[in-house]
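Peer 1: Single-letter residue listing:
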Amino acid sequence: MSAFSWWKRLLDRFRGGPVGQHNIEEAKGLFESRYHALRLLLAANTRALKSMAEMEQAALSNSLFGMSFVRSHCTAVGVSVFKMVRNLDILAPERYSLLFERLEQIQGRIDDELATIPAPTDVPYILPMEAIAHSHSEITGSKMARLGEVANVVGLLVPSGFVITTASFDRLIATNDLGPEIARLLQTNQSDTLDELFVLSSNLQQLILTAEVPADIAVAIQGAAAEIVDPVAGTTFALRSSALGEDSINASFAGQYESLLNVRPSNLVASYLEVVASKYTPQAMQYRMQRGLRDDDVAMSVGCLEMVDARSGGVAYTGNPNNREDSNVFISSAWGLPKTIVDGRFASDLLIVNREEPLRVSSRVVGNKNTRFVLHPREGVRRGKVDEDLRLRPSLTDAEAVAVAGAAIKLEDHFGTPVDVEWATTDDGAVVILQCRPLSQSAEVTRAALPPDAPPPLISGGFTASPGAASGIIHWVERDVEALSFPDGAVMTLSQPLPRWAALLDRAAAVIAEEGGVAGHLATVARELGVPAILGAGPLVGFENGREVTVDATGRAVFPGRIEVLLEGVEETVAAVPDNPVRQTLKKALAHIAPLTLMDPDGLDFKPTNCRTLHDITRFCHEQAVREIFAFGSDTSFPEYASKQLHYNVPMQWWVLDLGNGFKDTVKGKYVHLEDIACKPMLAIWDGMVAVPWDGPPAVSGRGLASVLFQATANPALSSPFKKPYANRNYFIISKHFMNLQSRFGFHFTNVEALAGERPEENYLSFSFKGGAADRERKAGRARLIGALLEELGFATNVIEDVVTARRTNLHQDDVEDGVRVVGYLLMHTRQIDMIMNDPSAVERYRTKMQTDIRLLSKN
Amino acid sequence: MTISVLLVDDEETFVQTLAKRLTLRRFNVYTATRKPRVFETLSENRIDVVLLDVRMPDLDGIEATKDIKAVYPLVEVILLTGHASMEASLEGMKMGAFDYLLKPVNIDELVYKIEDAHRKKELQEEKIRRLRDQADEASGDTV
Chain A
1 MSAFSWWKRL LDRFRGGPVG QHNIEEAKGL FESRYHALRL LLAANTRALK SMAEMEQAAL
61 SNSLFGMSFV RSHCTAVGVS VFKMVRNLDI LAPERYSLLF ERLEQIQGRI DDELATIPAP
121 TDVPYILPME AIAHSHSEIT GSKMARLGEV ANVVGLLVPS GFVITTASFD RLIATNDLGP
181 EIARLLQTNQ SDTLDELFVL SSNLQQLILT AEVPADIAVA IQGAAAEIVD PVAGTTFALR
241 SSALGEDSIN ASFAGQYESL LNVRPSNLVA SYLEVVASKY TPQAMQYRMQ RGLRDDDVAM
301 SVGCLEMVDA RSGGVAYTGN PNNREDSNVF ISSAWGLPKT IVDGRFASDL LIVNREEPLR
361 VSSRVVGNKN TRFVLHPREG VRRGKVDEDL RLRPSLTDAE AVAVAGAAIK LEDHFGTPVD
421 VEWATTDDGA VVILQCRPLS QSAEVTRAAL PPDAPPPLIS GGFTASPGAA SGIIHWVERD
481 VEALSFPDGA VMTLSQPLPR WAALLDRAAA VIAEEGGVAG HLATVARELG VPAILGAGPL
541 VGFENGREVT VDATGRAVFP GRIEVLLEGV EETVAAVPDN PVRQTLKKAL AHIAPLTLMD
601 PDGLDFKPTN CRTLHDITRF CHEQAVREIF AFGSDTSFPE YASKQLHYNV PMQWWVLDLG
661 NGFKDTVKGK YVHLEDIACK PMLAIWDGMV AVPWDGPPAV SGRGLASVLF QATANPALSS
721 PFKKPYANRN YFIISKHFMN LQSRFGFHFT NVEALAGERP EENYLSFSFK GGAADRERKA
781 GRARLIGALL EELGFATNVI EDVVTARRTN LHQDDVEDGV RVVGYLLMHT RQIDMIMNDP
841 SAVERYRTKM QTDIRLLSKN
Chain B
861 MTISVLLVDD EETFVQTLAK RLTLRRFNVY TATRKPRVFE TLSENRIDVV LLDVRMPDLD
921 GIEATKDIKA VYPLVEVILL TGHASMEASL EGMKMGAFDY LLKPVNIDEL VYKIEDAHRK
981 KELQEEKIRR LRDQADEASG DTV
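Just so you know, the sequences run in chain order A and B. Okay, so the first sequence: first residue is 1 according to the numbering used here, each after it adds one. Okay, so the second sequence: first residue is 861 according to the numbering used here, each after it adds one.
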């Protein structure tokens, strides 16, 4: 350094200026970097709060969402909070480094909540039926575990066979590297509409169908089959899905996954892939969504059971599904394979067995059974005509019915719950149990009396597959193309109630089908979802698309138009179980995200180590960022970056710090005049504050005034709300589009922050208000009033005790300014009304006056 | 000044469509669908912002971010992905990515992010320029 420049710098320092040009530029550069960091931090704050609000709303609502919603929102919040911490680190290098550590810890906890339940280790790829008990449900799925128990513990006859366990599924997914691709497809593809769901389903199934079954698993499958196959008898297999979570109470998955019948041993491996791929049929995906089941938790195991060439088959319920007081055994039966019954398409017999000993058939309705399913000579099953002389003959003798009912009651006793049993009889009269799951039952529903002027029903009769009543327009569904155009809230009208149409149940008001009975899969799912359904109603003549009808499933009738009296008291269709696994996961994750525990920015505990949730971190970052920005303005010796006192006719007790372009021109000296301000939100709030003259404190009773005065002297918190010097004054921190206001109006502590830029997605207006001089009850009353007024204006508000927080996001510039103007008005006009909060008529008077003023204030 | 963007993704159609839309928004767009082209393009051109798919057959986006930031610390990277995994996204951010965007991309949101990333780069460049000037001045003083 030359002697001259050394001397000049010393002189400058001694004189206190002027400062070197490069120092000014450095300060300017630093300031701009900080402002940019603050802006990014605030944008991240807005995103984090928005995602949190969406998650909280979903947790409380009855809406449907899957794990991809939970994961993507956790990601969005996590990334936003990380950005806040990183930008705070730019504002205050290394001062809050502990936040990175806290963030990592909290995220670790969230990850734990989202983690898939770890698969058990050392699980065999194949388990023979004779080795399976109920305790194996984690590796064989409940359906096969229960069937193993039926054979090995209860001692009833079940087909020989084996289960390809979840370990095989996990290997299949891992060796083909399908996990990330499935997750990617689920995340990137919307399935809001049915056609999107069909495309996604097709892509996912294709992925699995083209995968390679690991060679050792293929060999194990063939080996297990070889032990059962009788080459002379030509043994074939039934492949039944047995996914984790399937067959549980209220989540039967009835008919939602694939079952393949009469599969030749040489085709077992390819057929295994088909059953696994059915995890992603549209109806199964929709069903999981409706039940709130986590996709990751659903590993698919597959039961390979020796095919039973059934003489007759069907389903037995050990109770009435529509009336849990009725404990008779209900048996649906048909000729041939039980598929005739569970598909719900064809006529069948219904037998009721009274369970009092000795068991006896108390009622029998014999259907005209013209169709049955039988084994195809080569592979698969085919539909065949029933011989004329058999059609009207019972498909089950009384003795067989009693044997089926006896077996079902035995299973109910063993499992301790009413059951739904799929069975078959063989030519030699044996009863074979093919499946057993808990039966979901509802209380008996009584129908409201019809009004005298009710029109005659369009049809009456059929079976109540699911009780209740609903109204909507008729929409026939016979093919996929009609399913794709299914309108929300329509009445699904079918000739055959196929299980695949379950994918539409969350959109349907009710179901009517010409054929089918209570034991079909679609009936089971309709009951679970609470969608009223009449099946087996006979020809639906006059049911044109678009015609409005009221389906009275309880009374087994369909009326033209809307019959209000039938709909009254009927609850809305409950599509999702209130606390399903996905919602539970969301709530668990939210516990580490949403609660705000770091309340007081001036409390001793306001530090990074005390941030318990991601919300706490956002709060901490936001508060510190504003303080850091302010500190920079105060600590630097450059007047351009120091705050100015606001001059509005006279010097006011307001200071203004410009972050950039908040003033129209460079402001020299210590004052800034209102006309120098370019910041639109600041001008708007000022506008709101002065728009309506304040008529002074409202008239109060002597007691009200005494309370205010007492609080003012007795409440130490009112003397100084903040310990940091900047907060002892009223401050605006502004740029052209941004304003942060910290202020004390009398005894009230206020923070208003607004961003009104050109990006509506990033714009917001937040407001918090606390304190007052009255007692707790009146302060809380005032907080509720402010909260209610802001809520009417579209703010998301939260009122706890005397604290109001309110926020609006995603706003056009003009709307932010309008909102700020209202907030300015409220700041001035609610400051002392806590004194009259115990006088309801005065409160109402003020509320009405303020509502009128607010309407006049809006410029847009 | 026009902002130069390098768009890296193995899905040709996606790259072409997005490149066209960004060009309409007055960005100078380079594209790469394979790993070798990424560093070639970076070395041959003045790139401000890289838009990088997290998952490509021959390229791990998170590792690539680390590599790009190691050689070109001022170039900002925005990760594009369809897989919302908290771990992956945060990993990318920790490697120095500016931000993270889920596919399908909202063009307005992407443009904002590119502009913000570019502004950050500009501020850093200015800072470096100032430091260099000061260093020059200091060395001039000692002469």
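Just so you know, the hints here were simulated from the structure itself, not pulled from any lab data. Some hints could be false.
Claimed, not checked - One side only, chain B facing chain A, incomplete, derived with CB under 7 Å:
1. V935
2. K981
3. E986
4. I988
Stated by the list, open to error - Okay, the calculated beta carbon distance ranges per label pair:
5. K880(B) with Q645(A): 47 to 57 Å
6. P933(B) with M599(A): 31 to 41 Å
7. P964(B) with D602(A): 21 to 31 Å
Computed from a predicted structure; not experimentally measured. Where a beta carbon is used, it is the ideal one built from N, C-alpha and C, also for glycine.
Peer 1: Let me know if the C-beta of E986(B) comes in closer than 7 Å to any C-beta of chain A, holds or violated.
Peer 2: 5 Å, holds
Peer 1: State, for the Cβ atoms of P933(B) and M599(A), whether the hinted interval 31 to 41 Å holds or is violated.
Peer 2: 40 Å, holds
Peer 1: If you take the shortest Cβ to Cβ gap from K981(B) to chain A, is it below 7 Å?
Peer 2: It is violated, given that the least Cβ distance between K981(B) and chain A is near 11 Å, above 7 Å.
Peer 1: Please check whether V935(B) passes as an interface residue: C-beta within 7 Å of a C-beta belonging to chain A.
Peer 2: This interface hint is violated because 17 Å lies over the 7 Å limit.
Peer 1: A range of 47 to 57 Å was offered for this pair. Does it hold for the Cβ distance of K880(B) and Q645(A)?
Peer 2: 53 Å, holds
Peer 1: Grab the minimum C-beta distance from I988(B) to chain A and call the hint holds if it beats 7 Å, violated otherwise.
Peer 2: 10 Å, violated
Peer 1: Between P964(B) and D602(A), does the C-beta distance stay in 21 to 31 Å?
Peer 2: Given about 45 Å between the Cβ atoms, the range is violated.
Hints 1, 2, 4 and 7, counting from the list given before, are not met by this structure.
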